[in-house]
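*Asks:* Residue-level listing of the chains:
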Amino acid sequence: MDKELTIWLLIFAVGAVTYTARVSFIALFARREMPPLLARALKHVPVAMVTAIVVPAVVFMTPGELRLDPGNAKLIAALVGGAVAWWRQSAVLTIAVGMIVLWSLRYAIG
Amino acid sequence: MRAHFSRPAFFEGARDIAPMLIGIVPFGIVCGIGAITAGASPLAALAMSMIMFSGAAQIIAVQLLAAGAPFAVILLSCLVVSLRLVMYSAAMAPYLRPLDHRWRALLSFVLTDQAFAGTLQRFQTSDDLRANASYFLGSGALLWVIWQFATLAGILAGQVIPASWQLEFVVPLCFIAVLVPLLRDRVSILVFTVTTIAVIALDAIPLRLSMLCGGLLGIAAGVLGDKGAGKRG
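Chains as they are written, first to last, in the working numbering: chain B, 1 to 110; chain Z, 1 to 233.
Treat the hints with care, since some could be wrong.
Said to hold, decoys possible - Selected chain B positions facing chain Z (Cβ under 10 Å, derived; list incomplete):
| # | residue |
| --- | --- |
| 1 | ARG22 |
| 2 | ALA30 |
| 3 | LEU37 |
| 4 | MET49 |
| 5 | PHE60 |
| 6 | ASP69 |
| 7 | SER90 |
| 8 | ALA91 |
| 9 | ILE109 |
Stated by the list, open to error - Anything over 12 Å on all C-beta distances counts as not near chain B; from chain Z, calculated:
| # | residue |
| --- | --- |
| 10 | ASP128 |
| 11 | PHE169 |
| 12 | LEU217 |
Just so you know, these hints were derived from the structure itself, not from any lab. In this text the structure is predicted, and so the values were computed from the model without any measurement. Where a beta carbon is used, it is the ideal one built from N, C-alpha and C, also for glycine.
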């Protein structure tokens with residue numbers, strides 16, 4: 001399938017998903033209580049899904065090439081970014097420091 | 001509809017949410033950059049922000065798109081990240097129940113992490129539903145508008161800045177800034193550890209399902225971890 005068409009279909013399909021999630025208890029099941037197991041699971045969605053997004057983008061130098069050594073500039077940049085985020089809860093500072101580390105290492109390694 | 005609208009409360013909501021814009025602007029820029037580097041056209045990149053209106057879902061969609069994941073896997077992964085919105089929906093529902101369905105449909109569209117965090121207290125402390133609904137709408141509307149401008153800035157940056165700058169790495173860095181403050185307790189660290197190991201170990205499974213499976217295993221570990229912590233305490 002044409003990539004641009006796929007992206008447009010995805011926009012509307014995911015849009016329907018996010019809207020359904022938002023409207024769920026406000027209108028669709030307005031008279032129901034949330035099942036307790038669902039409520040317990042939902043608490044962990046942010047940490048689990050954000051980790052699932054971040055880790056592959058950091059530990060694989062190229063698709064399928066796992067690199068957990070200092071030769072992986074993305075890994076070092078992410079760890080330094082993580083330390084910055086721990087110290088100051090600022091997205092702007094985390095991004096700025098992380099990108100500077102990435103560029104410096106790339107330049108140094110060549 | 002008009003019977004419920006209060007103009008002063010609408011603007012009050014917009015004004016009170018303004019401090020939260022500092023957090024969403026970089027994230028919106030990142031979403032614009034991510035969409036462009038994944039190969040979306042500028043119009044499609046903007047439509048993502050207008051229609052999906054969810055940073056986490058947009059990012060997971062573009063990451064998986066760039067990795068060549070099938071349509072159904074992308075959709076399912078977006079569904080899992082959107083479950084957090086179900087939690088907000090359930091928390092807001094009792095307050096919004098007396099509103100007519102058009103108001104509830106409209107307010108649902110602008111329900112986000114920030115709008116939820118910024119307005120819940122108002123619903124808990126004030127009984128004036130007409131003003132509260134307009135306040136919520138004002139907060140949500142301003143967040144939506146700013147989200148579009150931030151995305152637009154990212155779209156421009158993504159087109160102008162050369163690929164050798166590896167601008168796509170801004171995406172994980174932005175999420176690291178979100179993730180680190182969440183790792184406050186033992187169970188969250190357990191969820192992080194299990195997800196990390198699972199997503200690396202499962203990388204080779206077909207259809208780019210590793211992100212979704214890793215995330216689900218992490219959530220399961222969290223539910224079990226809560227049980228263990230409950231027994232001890």
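*Asks:* Now tell me if each hint is right for this structure.
*Replies:* Outcome of the hint check:
Given the 10 Å rule on beta carbons, the hint for B/ARG22 holds: about 4 Å separates it from the nearest Cβ of chain Z. Hint status for B/ALA30 relative to chain Z: holds, with the closest Cβ pair at about 6 Å, below 10 Å. About 7 Å separates the beta-carbon of B/LEU37 from the nearest beta-carbon of chain Z, less than 10 Å, and the hint is met. Among the interface hints, the one on B/MET49 holds; its C-beta lies about 5 Å from the nearest C-beta in chain Z, closer than the 10 Å criterion.
Taking 10 Å as the C-beta contact cut-off toward chain Z, the hint placing B/PHE60 at the interface holds, the least distance being around 7 Å. Because the beta carbon of B/ASP69 sits about 14 Å from the nearest beta carbon in chain Z, more than 10 Å, this interface hint is broken. A cut of 10 Å between beta carbons decides the hint on B/SER90: the least distance to chain Z is about 7 Å, and the hint holds. Because the closest C-beta pair between B/ALA91 and chain Z is about 4 Å apart, less than 10 Å, the hint holds.
The beta carbon of B/ILE109 comes no nearer than 13 Å to any beta carbon in chain Z, farther than 10 Å, and the hint placing it at the interface is violated. Distance check on Z/ASP128: its Cβ is at least 19 Å (rounded) from any Cβ of chain B, clearing the 12 Å threshold; non-interface status holds. Chain B draws Z/PHE169 into its interface by the beta-carbon criterion, the shortest separation being 6 Å against a cut-off of 12 Å. Residue-level check failed: Z/LEU217 sits 8 Å from the nearest beta carbon of chain B, not beyond 12 Å.
Checked against the numbered hints given earlier, this structure breaks hints 6, 9, 11, 12; the rest are met.
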